[in-house]
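Use the sequences and the hints to build the structure in full.
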Amino acid sequence: MSDVQIVNAPPGVEGSGFFATSLDKAIGLARSHSLWPLPFATSCCGIEFMATMGSNYDLSRFGAERLSFSPRQADLLMVMGTISKKMAPVLRQVYLQMAEPRWVMAVGACASSGGIFDTYSVLQGIDEIIPVDVYVPGCPPRPEGIIDGFMNIQKLVQTESLRRRDSPEYTKLLAQYGIQ
Amino acid sequence: MGALNNEILLEQLTAKFGELIKTVDQPYGLLTIETNRDAIIDVLTYLKQDAALQFIYLTDITAIQYPELENPIGVIYHLHSLVHNVRIRVKVFLPAGDVRTPTATVLWNGANWMERETYDFFGIDFEGHPNLVRILNVDDMSVFPMRKEYPLEDPNRVDKKDFYFGR
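Respectively, the protein sequence lines represent chains U and R. Counting in the working numbering, the final residue of the first sequence is number 180, and the numbers go up one at a time with none missing. Counting in the working numbering, the final residue of the second sequence is number 167, and the numbers go up one at a time with none missing.
Don't read these hints as lab results, they were simulated from the structure. Ideal placement from N, C-alpha and C gives every residue a C-beta, glycine not left out. Keep in mind that the hints are not guaranteed to be accurate.
[Unchecked claim] Quick list of in silico lysine to aspartate or glutamate cross-link-like pairs, EDC-like style, CA-CA up to 20 Å:
| # | chain 1 | residue 1 | chain 2 | residue 2 |
| --- | --- | --- | --- | --- |
| 1 | R | 16 | R | 50 |
| 2 | U | 86 | R | 154 |
| 3 | R | 161 | U | 118 |
| 4 | R | 161 | U | 128 |
| 5 | R | 161 | U | 127 |
| 6 | U | 85 | R | 120 |
| 7 | U | 85 | R | 140 |
| 8 | U | 86 | R | 117 |
[Stated by the list, open to error] Reference listing, derived: stretches of chain R covered by chain U, where coverage requires no fewer than 3 residues with Cβ under 8 Å from a Cβ of chain U:
| # | stretch |
| --- | --- |
| 9 | 138 to 145 |
| 10 | 153 to 164 |
Spelled out as structure tokens, the structure:
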């Protein structure tokens, strides 16, 4: 027997020669294990991310082997580090260029709330300009923390309805940020 | 070439400009003089172009604010004579309502960005500057953040309200 583990099938109906489940669950399962992250690393949290991608912690185990440096191909925007107000339009542009479905993870205190940089030049959390799905606390968070945040994103992806992105709540959320 | 030191330098400047040069101090051996904005370009030109001095390198332009002084805002020039390895600091203090001084870009092209930065943070109007716009902060910023009348913190921050700390 190989000791390679594969993911469990989603809940469904199983019989001899067939397995039935909903399309949402099957697609969610596939998506959650093939997320392409876009690392937007501006400071020390980015260094922790490098450790997370390295062989010791190995984010590839979660299907995130392939980093996308083009926002057009990315599923998950990982914002790691202090975002200054001058950087804010750039980050927003990157988010706008990502295709739906897209998720955003704010890694570390600075991306989540401005952190120690409570000052005139620093954005006090990226949720002032784009919607955020998961916040990872820490200054910087350890790789375990980043992985935990990533697994929470996976849970979101697995349980999210395919129609959620068309829902009035989601449209309203984006409209709050002046998107679409 | 005779060695240039602070005493000789100050002597030459006083001989040339007289009352326009006021000695402030020599902290850590760095000669610091004060002049006014009508004379500053003449002083800088003399320092740069005099054959015996040759302060050809403009290290930095920056500013400072002492709210309690009569002329609260100072512009500070650091010059370096590479030939003699001697430095000098020149200060010009400006009145609060009239924060303008002539540009040094006529002498050094490198003064361009330094003056933009000083304008960005202290709101000093360098007259004659070719493109005096913000360089580091966002273009739509309406304050000069290093001035003491403006708060340093970001006004959008809500998680530091006294309420959360039981105050």
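Worksheet item: Going through the earlier hints one by one, which of them does the structure break, listed in rising order?
Response: Every hint satisfied by this model.
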